[in-house]
Amino acid sequence: MFTWLHPYAKTERAYALCNTLLPYFLVTAIVGLVVGIIWGLLFAPSDYQQGDSFRIIYIHVPSAILSMSTYVAMAAAGFVGLVWQWKTAYMSMMAIAPVGAILTFISLFTGAAWGKPMWGTWWIWDARLTSQLILFFLYLGIMALYAAFSDKTQAGKSAAIMALVGVINIPIIHFSVEWWNTLHQGATITKFGQPSIASSMLWPLLISIAGFIGLIGTLTLMNLKNQILRREINRPWVTELLTTKEMNVNKEAN
Amino acid sequence: MSRTSPLFSIMRRDLVLAFRQKNELLQPLLFFVMVITLFPLGIGPGPETLQKIGPGVIWVAAILSALLGMDKLFRDDFNDGSLEQLQLSNISLAWGMFIKVFVHWCGAFLPLLLISPLLALFLNLTPPMYWALIFTLALGTPLLSLVGAIAVALTVGLQRGGVLLSLLLIPVFIPLLIFATSAVDSAAMGLNYLPQLAIIGAMLCFAIAITPFAMSYAIRVSHH
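Chains A and B, in that order, are what the protein sequence lines are. All residue numbers for the first sequence refer to the working numbering, where the first residue is 218 and numbers rise by one. All residue numbers for the second sequence refer to the working numbering, where the first residue is 193 and numbers rise by one.
So that you can see chain A by itself, here it is in the shape it has in the complex:
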């Protein structure tokens, strides 16, 4: 069933796939972020209640929505690694992890910056803020676990198990914190049917979300390429790749 997927267990093929996919993600990232953020920051109408400070939504909401998705993507990669025993899956898991952690941090930071003018406080123990903070801790824990092992296959397996424990726990954490305390405004665009946001504000937001997806893909693929090169540094194809690159650089220098 997944036979088309199997060749990518080889690092060389995975590296080539990264190179093929990278331009698409890069273009999406640049176009999406430039169009979405400029539209959002300069041309979208200001909010009748929150004024111009609502414009942070164009960075806050994409990062907050996607930080959870990157965690699930990371756990999915870990699951693939555990089931089929691929080291490329572990590598991609650990390529996503720092991107997701930074994304979570961005959403917390922009959230704090938004909270100050709106709620009058940088931080409040509200459900969504808290579950985002816990998500950040989960990312850090998995990265720390991976870093603690010197054998990287064992590290990948351990981190994958912990990521799966976390993915089972995320909905539980989410709902437990929700019942515990809620101040955050409700979801604006995930609602089915009529979204509670004007379309002139919604479009730049959607474009900026697409741009963030592209950015996550770009950063993950670049990270994965680096990891593959570092792990396979003694393989002939890597040596060949690096020497041809070096020759090209030398040629340009001459």
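The set of hints was computed from the structure by calculation and includes no laboratory data. Possibly wrong hints are sitting among the right ones.
Between beta-carbon pairs, the in silico distance windows are [claimed, not checked]:
#, chain 1, residue 1, chain 2, residue 2, range
1, A, G337, B, H415, 51 to 57 Å
2, B, L386, A, S367, 46 to 52 Å
3, A, G337, B, D272, 57 to 63 Å
Coverage of chain A stretches by chain B, computed from C-beta distances (three or more under 8 Å per stretch; other residues unrestricted) [stated by the list, open to error]:
#, region
4, 361 to 374
5, 386 to 396
Covered stretches of chain B, as calculated for chain A (at least 3 residues, CB under 8 Å) [what the hints assert, rightly or not]:
#, region
6, 334 to 346
7, 362 to 374
Think of the CB as a built atom: it goes at the ideal place given N, C-alpha and C, for glycine as much as any other residue.
Once you've looked at the hints, dock chain B against the given chain A.
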């Protein structure tokens, strides 16, 4: 002559080992009591304040002492090779690990349950709060042991696993802390706390069903 008898001998061996090392049994318990003693000293002895923070303090202290004691859960068996023997033997590793965690729970958390009346006095808890606390501890601490054992099994081969273990586990324990303290708070207000207990019970059932397999896989990874 079924497969139950080797499991019983594992249980007996672990119980004997646990109760011969009395220091290791007592230390987390003392730590638990001392952490709780710190709170009235730090916050002030007002009975109403203590009653308000009491359930949370007891649960946080229980989680901390669990993390402290859990570090050793599989370490000796891992280092002297008996876990490897268990893995090679024909009894299921998941069952063996489950028994080990159960014995650890008996050594680490049963005394904590027994000492909790004293702590309820320290923190000025009312009788309904006390009963809610006992029920949440009885249902919640096995969950701590089971979920914690996965991370312990992962970090058992590492030299310095202690702090890493806390980093991994504290976020995972948060829902339990929330439900347990909210049950005690409901009890304090004279409300029904069965829903929270039911949720903790559901999480415990799920953990009993899933975690032994995760633990045994984690131990296999550690023996790699």
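Hints, one by one, checked against the model:
Taken as a hint, the range 51 to 57 Å holds for the pair G337(A) and H415(B), whose Cβ atoms sit roughly 55 Å apart. In this structure, L386(B) and S367(A) meet the distance hint of 46 to 52 Å, their C-beta atoms being roughly 49 Å apart. At roughly 59 Å, the beta-carbon separation of G337(A) and D272(B) lies within the given 57 to 63 Å, and the hint holds. For the region 361 to 374 of chain A, the stated coverage by chain B is satisfied: 8 residues place a CB nearer than 8 Å to a CB of that chain, which reaches the threshold of 3.
Counting residues of the region 386 to 396 of chain A whose beta carbon lies closer than 8 Å to any beta carbon of chain B gives 6, which meets the minimum of three for the stated coverage. Here's how the region 334 to 346 of chain B fares: 4 of its residues keep a CB closer than 8 Å to some CB of chain A, so the rule of at least three is met and the hint holds. Given a C-beta distance limit of less than 8 Å, the hint that chain A covers the region 362 to 374 of chain B holds, as 8 residues qualify and 3 suffice.
The earlier numbered hints are all upheld by this structure, with none contradicted.
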